[in-house]
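Q: Sequence:
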Amino acid sequence: MKLHSIVYVMIMLFVAFVLEHLPLPAMVDWFQPAWVMLVVTAAVLAAPSVFGVWLAIPLGLMLDVEKGTLLGLHVLLVAMHVYLLQLLYRRMYLFNVLQQAAVLFLMVLAEQIIHYWSLAVMREDVTPVMLLAPALTTAVLWPWVYVIGYRSLQRMESS
19 MKLHSIVYVM IMLFVAFVLE HLPLPAMVDW FQPAWVMLVV TAAVLAAPSV FGVWLAIPLG
79 LMLDVEKGTL LGLHVLLVAM HVYLLQLLYR RMYLFNVLQQ AAVLFLMVLA EQIIHYWSLA
139 VMREDVTPVM LLAPALTTAV LWPWVYVIGY RSLQRMESS
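The sequence shown finishes on residue 177 if you use the working numbering, and the numbering steps up by one all the way, no holes.
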C-alpha cells in the first residue's frame with residue numbers, strides 16, 4: 019500500500035472520530051452510527067494485509083478514552099471486527115453492496131450486544147431499548163462509505 023493511501027485512511031479515521039464524538043439531539047442519539055467501524059471496514063477490505071488486528075489497539079484505546087468506557091472494551095470490539103473482516107474479506111469482496119451492508123449490520127449488532135452486556139455486568143445504568151438502531155444506521159451508511167472510502171483506496175492503489 020502506498021503512503022498516500024495510508025494518509026488517506028488516517029484522514030478518514032480522523033473524520034470518523036470527529037463524527038463519533040459529534041453530539042446528536044436526544045431524539046436521534048440512539049441512531050449514532052459506528053463511524054470508526056465503517057472506516058475500519060473500508061480500510062481492511064481495501065488492504066487486509068496492511069490493516070490487521072494491530073489496528074485495533076490504538077483505535078480501540080482512542081474510542082475508550084473518547085467515550086469514557088472501560089479501558090479495553092473498544093479494543094476488544096474493534097479487534098473482533100477486524101478479525102471477522104479478515105476471515106470474510108474474500109467473500110465480502112464478491113458480495114454486492116447490499117449484502118456487504120447486511121454482513122456489516124450483523125457484525126455491528128454483535129458488537130452492540132457485547133458492549134451493552136459488558137456495561138450491564140459492570141452494573142452501569144444501561145437501557146438497550148434501541149439496540150438495533152446504531153447497527154441499522156451503520157448498514158444504511160455503508161454504501162456511501164464504500165463509494166467514498168473503499169473505491170477511492172482502490173483507485174489510489176491502481177494509479
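Just so you know, the hints here were simulated from the structure itself, not pulled from any lab data.
Check the hints yourself; a few may be wrong.
What the hints assert, rightly or not - The calculated label-pair distances, taken between Cβ atoms and stated as ranges, are:
| hint | residue 1 | residue 2 | range |
| --- | --- | --- | --- |
| 1 | GLY70 | VAL115 | 20 to 30 Å |
| 2 | PRO43 | ILE131 | 23 to 33 Å |
| 3 | ALA151 | VAL25 | 24 to 34 Å |
| 4 | VAL71 | ILE166 | 16 to 26 Å |
| 5 | SER176 | VAL46 | 16 to 26 Å |
In this text, all values refer to a predicted model and were calculated from it rather than measured experimentally.
Just so you know, even glycine gets a beta-carbon here, dropped at the ideal spot from N, CA and C.
Q: Which earlier hints turn out false for this structure, listed by number in ascending order?
A: Hint 5 alone not satisfied by this model.
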